[in-house]
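Chains as they are written, first to last, in this note's numbering: chain A, 554 to 1051; chain B, 15 to 535.
No lab work stands behind these hints, which were simulated from the structure alone.
Just so we're clear, the structure is a prediction, and the values are computed from it rather than from any experiment.
Some hints here could point you the wrong way.
[Claimed, not checked] One side only, chain A facing chain B, incomplete, derived with CB under 8 Å:
#1 Arg711
#2 Pro767
#3 Tyr867
#4 Ser1010
#5 Cys1024
[Unchecked claim] Here are the simulated lysine-lysine pairs, DSS-like style, with alpha carbons at most 27 Å apart:
#6 A:Lys718 <-> B:Lys349
#7 B:Lys349 <-> A:Lys824
#8 B:Lys381 <-> A:Lys824
#9 B:Lys266 <-> A:Lys880
#10 A:Lys880 <-> B:Lys122
#11 B:Lys143 <-> A:Lys718
#12 A:Lys1033 <-> B:Lys510
#13 B:Lys280 <-> A:Lys687
#14 B:Lys349 <-> B:Lys266
#15 B:Lys266 <-> B:Lys143
Think of the CB as a built atom: it goes at the ideal place given N, C-alpha and C, for glycine as much as any other residue.
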Amino acid sequence: MTNPSGTSVEPDIEIKGALEGIVGHQNVVDAPDILKAHGGDCSFAAGCPPLFLVKPQQAEQVHQLVRWANRTLMPLIPVSSGPPHFKGDTVPTLGGVVVDLSGMNKMLRIDRRNRVAMIEPGTTFSALKSEVEKQNMRLMLPLAPRRTKSVLGSYMERDPILVPKYHWDMSDPLCCTEVVFGTGEVFRTGAASGPGTLDEQRESGQAQKNPLGPGPSDLFRVVQGAQGTLGIVTWATVRLELLPSVRKLFMVGCTAVEEVIDFIYRLQRLKLGDECLVLDRLNLASLLEHDSRCIEECRSALPAYILVFVIAGYERFPEERVDYQTKDMLEIAQRCGVRPVATLPGVDSGRLLQVLSEPSAEPYWKLRYRGSNAEIFFLTTLDRSAQFIETMRGVAREAGFPTASMGTYIQPIQQGRSCHVEFDLAFDANEETEVALAKRTLELAGKALMQKGAFLSRPYGGWVDMIGSDCAENVIALRKVKRIFDPNNIMNPGKLCF
Amino acid sequence: MALRRDTYRLFENVVGPENISDEPAVLRSYMYQPFGSKEGVWAEISPEAVILPATTEEVVAIAKICNRYGIVFKPMSTGWGLHNLPGVEGAVSLDLRRMNRILEIDEKNMYAVVEPHVICMQLQVEAMKRGLNCHIIGAGSNTSVLASATSVVGYGPDGLSMGFSGRNLLGVEWVLPTGDVLKLGSPGAGSGWFCGDGPGPSLRGIIRGWEGAWGGLGVFTKCAVKLFHWNGPPELEMKRTPPNYVLKEPIKNMKVALFSFPTIEKLAEAALQLGEAEIGWFVSRLSPSFVGLQMASGANYVATWQTGMLQEMLKYSFLFVIFANSEGEFDYQQKVLAQVLGDTGGQISPVSESREMQELTATAVIKVDEVTRSCFRTTGGFNTSFGAMDTVDLAMSQIKAGRVLKDKYIRRGVIMDDGGDNSATLVFDQGHMAYTEMLLMYDHHDHDSAEGAYQYLTESNQAMLDQKLGTPIFQVSQVGQGKHGMFGSACYNYDKWLRRIKRQFDPNNACDPTAYSSPEE
Chain A
554 MTNPSGTSVE PDIEIKGALE GIVGHQNVVD APDILKAHGG DCSFAAGCPP
604 LFLVKPQQAE QVHQLVRWAN RTLMPLIPVS SGPPHFKGDT VPTLGGVVVD
654 LSGMNKMLRI DRRNRVAMIE PGTTFSALKS EVEKQNMRLM LPLAPRRTKS
704 VLGSYMERDP ILVPKYHWDM SDPLCCTEVV FGTGEVFRTG AASGPGTLDE
754 QRESGQAQKN PLGPGPSDLF RVVQGAQGTL GIVTWATVRL ELLPSVRKLF
804 MVGCTAVEEV IDFIYRLQRL KLGDECLVLD RLNLASLLEH DSRCIEECRS
854 ALPAYILVFV IAGYERFPEE RVDYQTKDML EIAQRCGVRP VATLPGVDSG
904 RLLQVLSEPS AEPYWKLRYR GSNAEIFFLT TLDRSAQFIE TMRGVAREAG
954 FPTASMGTYI QPIQQGRSCH VEFDLAFDAN EETEVALAKR TLELAGKALM
1004 QKGAFLSRPY GGWVDMIGSD CAENVIALRK VKRIFDPNNI MNPGKLCF
Chain B
15 MALRRDTYRL FENVVGPENI SDEPAVLRSY MYQPFGSKEG VWAEISPEAV
65 ILPATTEEVV AIAKICNRYG IVFKPMSTGW GLHNLPGVEG AVSLDLRRMN
115 RILEIDEKNM YAVVEPHVIC MQLQVEAMKR GLNCHIIGAG SNTSVLASAT
165 SVVGYGPDGL SMGFSGRNLL GVEWVLPTGD VLKLGSPGAG SGWFCGDGPG
215 PSLRGIIRGW EGAWGGLGVF TKCAVKLFHW NGPPELEMKR TPPNYVLKEP
265 IKNMKVALFS FPTIEKLAEA ALQLGEAEIG WFVSRLSPSF VGLQMASGAN
315 YVATWQTGML QEMLKYSFLF VIFANSEGEF DYQQKVLAQV LGDTGGQISP
365 VSESREMQEL TATAVIKVDE VTRSCFRTTG GFNTSFGAMD TVDLAMSQIK
415 AGRVLKDKYI RRGVIMDDGG DNSATLVFDQ GHMAYTEMLL MYDHHDHDSA
465 EGAYQYLTES NQAMLDQKLG TPIFQVSQVG QGKHGMFGSA CYNYDKWLRR
515 IKRQFDPNNA CDPTAYSSPE E
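In isolation and in its complexed conformation, chain A is listed as follows (with noise of 0.2 Å):
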């Protein structure tokens, strides 16, 4: 057999044809080239190139592999979104087959009168977006995401949706999902689990909504956020919005982040208004421009942090639910000593608008200030958001790394019960000096922000040792979830605490 490692120098002719057994011929790559891609990306993870990079079609296959896996110990690194990787998740950490889920991008079923899409993991935003608004309906988006971005692989990753107030729970918007485990089973989520087929469940009048169960155990949330190492979804059903008739744009700059969040927090407590989130100058400028020189002269125009939320009306008397909630808004505004405005010198509001309903035009914006990008993003409630970007520019400045080089977003998630807090470090990968500094930067932001209480609830790479020394209890009880699911260990690897 040959090392599942990668590390024979020619691919073992007896795996190749056991995967084009399972997937044909034309769906088995073993180009160096693109092997060689898969061995790194963009994060400073690190990692070596597969084997083989598989494209499996259809479920079916996909539980072939699963099965065919766990016979031969072959590690499987699942991927859904196209590239550039920013997490290292996808990486090889012991070589193995790449489980390249793209070509799996059928959307199945949208349902307007139960707002809901059933789609398969390769459906990008950009593909189900456009599907979607034709029944006048609408994604849940985090925020730009770039345009091979699987919508799965998103909200498997739990990454923040633009819309607090959707975001009941921190598992939304996903619902129901079929999972091939790493024990080679394949299993329904949820509603979709049964009692019938999906077809008998549909003439019962249900359409996979309710994502708990089956009975005592959640096993869609043991899947999301494990990067992989439980197993691999095959299809997932996701929440559907009503898509907005009318839309109103409104920005408060301010210079410290303190200024607005009294504010934030009363619009989220009320559940007014739709999209809210605060960047900063930098963050801000790079969604908006394409090119270093114009986020520059933009930014230039701009106060430090702005806060950016919309106020809309769906299909009953859009204008007036606009209105009144817009007068709601501006009474708030009143007591909390905060100015809402339409427009803000260096923004191009309708723009704004766009860039918060679609996926990332190209070059993807956190490439666009330096050409490179490294993130470290954390949860905490919205009160505590200002003390860690003072943190962070403190780790920054200890570090070396330029202020001025580094982006900042929060996003208020679970109603504004918390948020996401974001750091975005722009460096060019073509220089050494600026690589090291993001990298360094990184590591002492991982340490001080923790012990300033950040919660790294999605840890990445080198984060996972960090999280591993101070939950120690977690780590115990997430090694007996690995021996549940995936005995093996074939699923992704050396991720997480496995």
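For this one, chain A is given, so just place chain B on it according to the hints.
This is chain B only, laid out in the frame that chain A set:
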């Protein structure tokens, strides 16, 4: 098998002699369980002792003793139902009533951290002082907040705006069956209680799903739950005496009304439309019988029912509440409501317009204190069926199936004639999900009636299997070990995964598996 004295003394050393008992009279009092017993009100199996820990450390010590000496333990909080008692001989009960503190209310971030015996009413009163409110399950405001969030189900009529208990769960402190302590989510990292998921895979998915482990997978000693904005007064002024107390004054920007529809399909359409228009604070489809039970005492209910008035006026109706944060929002919601009613043929029911009914229903929707007494007072025995959650259309399918099935048993005279359709249908997350629960009343002291109710419940489970209507709400207390076996094989063998979880997290099977899952194949 009596508990050995030396073992008893170990437990006693942990909680003190005043907080443990094996006195027969005390144990007998725990066996009184009017809900869930097949017949009568007494459990068949008695705990060997009842232990009342006051802290997480005491729970840990008890769990470790149990693991060491091969004793099964079963935790309970408010203890409402047979499933709270041990299902095996020789077990000890952990009565968590001394763990009854609200540890924190985070007003800004809208959550509360509670111990197991904090009841919904207790939390609601404290939350309202801070302009917040909590989700209250249909079983009523006297139930444990923590139990419905971590361990049981969690349907409540305010689900339209305040969600489902299982989805309102944030950070959790979990004493594993082995006695080890694990904090799920952000509290595990010392970051606060705002999140229960991560780092990495969410262990919330291990501790509960659509339902919880019913005390079969350790003890949840603290948890954080979401709170929601409350635009009413910080204290509710009441008039009359409990249990008939009602709000002294109407609440501003709140409108409570019953609406009737020409068909069940139109009712479903209206519920969907209102949900996706993102209006409303509370919606509950109420059957004529259910409304009657809430309006009247037992004797009056029968008299009213026999007039046929309720059946005529409320065949397909729901209670809908607007509770706005401003006059502008109130006017907007009224306008949308009127349009939806126009589109679906809905009309306000005259029943709901009397001052008395307004007071009664407004109080009931806020405090959720009417349901339980309504259910038990006519016949003494009460149970429930169907209850799967997915869409509004599934809810309607369950009503139709339940009505047909119940009619059969009503004609046999073994359950109360409530018109067959005695269902509560609730909508969650602004119309994204819905469920229906079909209630039944019977005489639990009458053998034929109790047996008939049991047959109905078994048959209703079978109907859900046959008609592909999802999984039923109360399998545990109805058909015991048959629960996961009956539906597991129809639902991707989920019972197999439960056994694996049980084996990993409870290697000594120390925590009573009866209401959850045995580790054995």
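Fill in: Restraint check for Lys280 (chain B) with Lys687 (chain A), where alpha carbons must lie at most 27 Å apart
holds (26 Å)
Item to complete: Compare the distance between the alpha carbons of Lys143 (chain B) and Lys718 (chain A) with 27 Å, and conclude whether the hinted pair is satisfied.
Response: holds (24 Å)
Worksheet item: Should the interface hint for Cys1024 (chain A) be scored as holding, given a Cβ-Cβ cut-off of 8 Å against chain B?
Response: Because about 5 Å separates Cys1024 (chain A) from the closest Cβ in chain B, which is inside the 8 Å limit, the hint holds.
Discussion item. Between the alpha carbons of Lys381 (chain B) and Lys824 (chain A), is the straight-line distance 27 Å or under?
Written reply: Holds - the C-alpha atoms of Lys824 (chain A) and Lys381 (chain B) are around 22 Å apart, at most 27 Å.
Practice prompt. Decide if the proposed pair is consistent with the structure: Lys718 (chain A) and Lys349 (chain B), CA atoms, cutoff 27 Å inclusive.
Written response: Distance of about 22 Å is within 27 Å: holds.
Discussion item. A closest beta-carbon separation below 8 Å is what the hint needs, so does Ser1010 (chain A) meet it against chain B?
Written reply: holds (3 Å)
Worksheet item: Is Lys880 (chain A) close enough to Lys122 (chain B), meaning Cα to Cα at most 27 Å?
Response: holds (23 Å)
Worksheet item: Lys266 (chain B) and Lys143 (chain B): Cα distance at most 27 Å?
Response: holds (17 Å)
Practice prompt. Please work out if Lys349 (chain B) and Lys824 (chain A) have their alpha carbons no farther apart than 27 Å.
Written response: holds (19 Å)
Worksheet item: Would the pair Lys1033 (chain A) and Lys510 (chain B) pass a check requiring their Cα atoms to be no farther apart than 27 Å?
Response: This hinted pair holds, its Cα atoms lying about 16 Å apart.
Worksheet item: Holds or violated: is there a CB of chain B closer than 8 Å to the CB of Arg711 (chain A)?
Response: holds (7 Å)
Discussion item. Does Lys266 (chain B) sit within 27 Å of Lys349 (chain B), going by the straight-line distance between their CA atoms?
Written reply: Holds. Lys349 (chain B) to Lys266 (chain B) sits at ~17 Å (cutoff 27 Å).
Every hint from the earlier list agrees with this structure, and none is contradicted.
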